[in-house]
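J.: For reference, the chains in residue letters:
There are 2 protein chains.
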Amino acid sequence: MKAAKRTKLEANGWKIGSADEFLNLSPEESVYIELKLSLSKSLKQRRSKENLSQVEFAKLVKTSQSRVAKMEAGDPSVSIDLLVKSLIALGASPKDLANAIS
Amino acid sequence: MKAAKRTKLEANGWKIGSADEFLNLSPEESVYIELKLSLSKSLKQRRSKENLSQVEFAKLVKTSQSRVAKMEAGDPSVSIDLLVKSLIALGASPKDLANAIS
DNA sequence: TGCATATATGTCATATATGACATATGATCT
DNA sequence: AGATCATATGTCATATATGACATATATGCA
Numbered sequence: 001m002k003a004a005k006r007t008k009l010e011a012n013g014w015k016i017g018s019a020d021e022f023l024n025l026s027p028e029e030s031v032y033i034e035l036k037l038s039l040s041k042s043l044k045q046r047r048s049k050e051n052l053s054q055v056e057f058a059k060l061v062k063t064s065q066s067r068v069a070k071m072e073a074g075d076p077s078v079s080i081d082l083l084v085k086s087l088i089a090l091g092a093s094p095k096d097l098a099n100a101i102s
Numbered sequence: 001m002k003a004a005k006r007t008k009l010e011a012n013g014w015k016i017g018s019a020d021e022f023l024n025l026s027p028e029e030s031v032y033i034e035l036k037l038s039l040s041k042s043l044k045q046r047r048s049k050e051n052l053s054q055v056e057f058a059k060l061v062k063t064s065q066s067r068v069a070k071m072e073a074g075d076p077s078v079s080i081d082l083l084v085k086s087l088i089a090l091g092a093s094p095k096d097l098a099n100a101i102s
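Residue numbers (this note's numbering), protein chains in the order written: chain A, 1 to 102; chain B, 1 to 102.
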């Protein structure tokens with residue numbers, strides 16, 4: 001539950017330094033989580049820019065509002081696959097994705 | 001089985017134009033598959049550069065040789081998550097990943 | 001030829017991600 | 001206060017990804 005806990009903290013604004021400051025994450029875990037958070041953030045930005053509510057967006061990508069909320073929170077239960085597919089559905093190109101994570 | 005079929009073709013060098021030339025993939029599907037293929041390719045490159053066999057690499061990331069082969073083939077049964085985790089295990093940074101897909 | 005070593009492919013039991021639901025929290029109104 | 005809308009959180013049945021195994025297909029070398 002380490003990663004899960006930290007993700008929560010991050011999402012709620014508890015982040016102070018970067019990544020592995022808080023719990024004892026391996027560098028690999030840190031990179032992975034940072035990546036997911038980058039995508040989450042990008043997703044939220046894009047959805048907001050499109051003036052879509054989570055409910056509307058959920059309908060668009062055929063999922064539920066609750067899952068959208070979890071995507072944007074970087075919840076451990078959501079895969080990078082889902083984040084990427086959702087971003088693509090919002091029109092993101094490979095370059096957009098590259099920018100989001102770099 | 002559309003995407004699966006096409007991935008096979010691509011991986012075997014049948015690719016002529018780009019992405020959606022072959023089967024009737026939606027633009028979103030195309031982007032998703034291209035992304036996976038980029039990561040697959042990058043993974044194979046990195047592993048080769050490290051002079052690791054699939055068996056050795058499999059041990060390193062705690063999976064099996066067969067799964068490694070599937071990762072590198074862009075098999076539909078492998079997730080972006082797994083590809084990303086594997087790349088990170090080989091030392092790839094977020095920037096490296098960004099470069100790989102852009 | 002036979003014998004390694006490397007990679008590919010098919011299948012399957014189990015682990016994990018998924019959508020959906022209920023419900024909670026929060027913000028903004030009248 | 002209550003009402004409405006947006007977002008968050010917890011849980012669960014089912015779908016999908018996973019590692020592992022067997023086996024196939026190279027490729028090189030004695």
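Possibly wrong hints are sitting among the right ones.
Stated by the list, open to error - Partner residues are not named here, just some residues of chain A that face chain B (Cβ under 7 Å, in silico): (1) Leu25; (2) Glu28; (3) Leu37; (4) Gln65; (5) Val84; (6) Gly91.
Said to hold, decoys possible - Quick list of in silico lysine-lysine cross-link-like pairs, PhoX-like style, CA-CA up to 25 Å: (7) Lys44/B / Lys95/B; (8) Lys95/B / Lys44/A; (9) Lys70/A / Lys85/B; (10) Lys41/A / Lys85/B; (11) Lys85/A / Lys85/B; (12) Lys70/A / Lys85/A; (13) Lys85/A / Lys59/A; (14) Lys41/A / Lys62/A; (15) Lys85/B / Lys41/B; (16) Lys85/A / Lys95/A; (17) Lys85/A / Lys49/B; (18) Lys95/B / Lys85/B; (19) Lys41/A / Lys95/B; (20) Lys44/B / Lys85/B; (21) Lys49/B / Lys59/B; (22) Lys59/A / Lys49/A; (23) Lys62/B / Lys44/B; (24) Lys41/A / Lys70/A; (25) Lys49/B / Lys44/A; (26) Lys59/B / Lys70/B; (27) Lys95/A / Lys41/B; (28) Lys85/A / Lys41/A; (29) Lys70/B / Lys49/B; (30) Lys49/B / Lys62/B; (31) Lys44/A / Lys59/A; (32) Lys49/A / Lys62/A; (33) Lys62/B / Lys41/B; (34) Lys41/A / Lys95/A; (35) Lys85/A / Lys59/B; (36) Lys70/A / Lys59/A; (37) Lys95/A / Lys62/B; (38) Lys49/B / Lys95/B; (39) Lys85/A / Lys41/B; (40) Lys44/A / Lys59/B.
No lab work stands behind these hints: they were computed from the structure. Owing to the predicted nature of the structure, the values given are computational and were not obtained by experimental measurement. Cβ atoms here follow ideal geometry from the backbone N, Cα and C, with glycine treated the same way.
J.: Determine for every hint whether it applies to the structure shown.
T.: Do the hints match the structure? See the list:
no.	hint	result
1	Leu25	violated (12 Å)
2	Glu28	holds (5 Å)
3	Leu37	violated (11 Å)
4	Gln65	violated (21 Å)
5	Val84	holds (6 Å)
6	Gly91	violated (9 Å)
7	Lys44/B / Lys95/B	holds (18 Å)
8	Lys95/B / Lys44/A	holds (21 Å)
9	Lys70/A / Lys85/B	holds (20 Å)
10	Lys41/A / Lys85/B	holds (20 Å)
11	Lys85/A / Lys85/B	holds (17 Å)
12	Lys70/A / Lys85/A	holds (15 Å)
13	Lys85/A / Lys59/A	holds (14 Å)
14	Lys41/A / Lys62/A	holds (20 Å)
15	Lys85/B / Lys41/B	holds (14 Å)
16	Lys85/A / Lys95/A	holds (14 Å)
17	Lys85/A / Lys49/B	violated (30 Å)
18	Lys95/B / Lys85/B	holds (14 Å)
19	Lys41/A / Lys95/B	holds (17 Å)
20	Lys44/B / Lys85/B	holds (14 Å)
21	Lys49/B / Lys59/B	holds (17 Å)
22	Lys59/A / Lys49/A	holds (17 Å)
23	Lys62/B / Lys44/B	holds (17 Å)
24	Lys41/A / Lys70/A	holds (12 Å)
25	Lys49/B / Lys44/A	violated (37 Å)
26	Lys59/B / Lys70/B	holds (15 Å)
27	Lys95/A / Lys41/B	holds (17 Å)
28	Lys85/A / Lys41/A	holds (14 Å)
29	Lys70/B / Lys49/B	holds (19 Å)
30	Lys49/B / Lys62/B	holds (20 Å)
31	Lys44/A / Lys59/A	holds (15 Å)
32	Lys49/A / Lys62/A	holds (20 Å)
33	Lys62/B / Lys41/B	holds (20 Å)
34	Lys41/A / Lys95/A	holds (16 Å)
35	Lys85/A / Lys59/B	violated (30 Å)
36	Lys70/A / Lys59/A	holds (15 Å)
37	Lys95/A / Lys62/B	violated (31 Å)
38	Lys49/B / Lys95/B	holds (18 Å)
39	Lys85/A / Lys41/B	holds (20 Å)
40	Lys44/A / Lys59/B	violated (37 Å)
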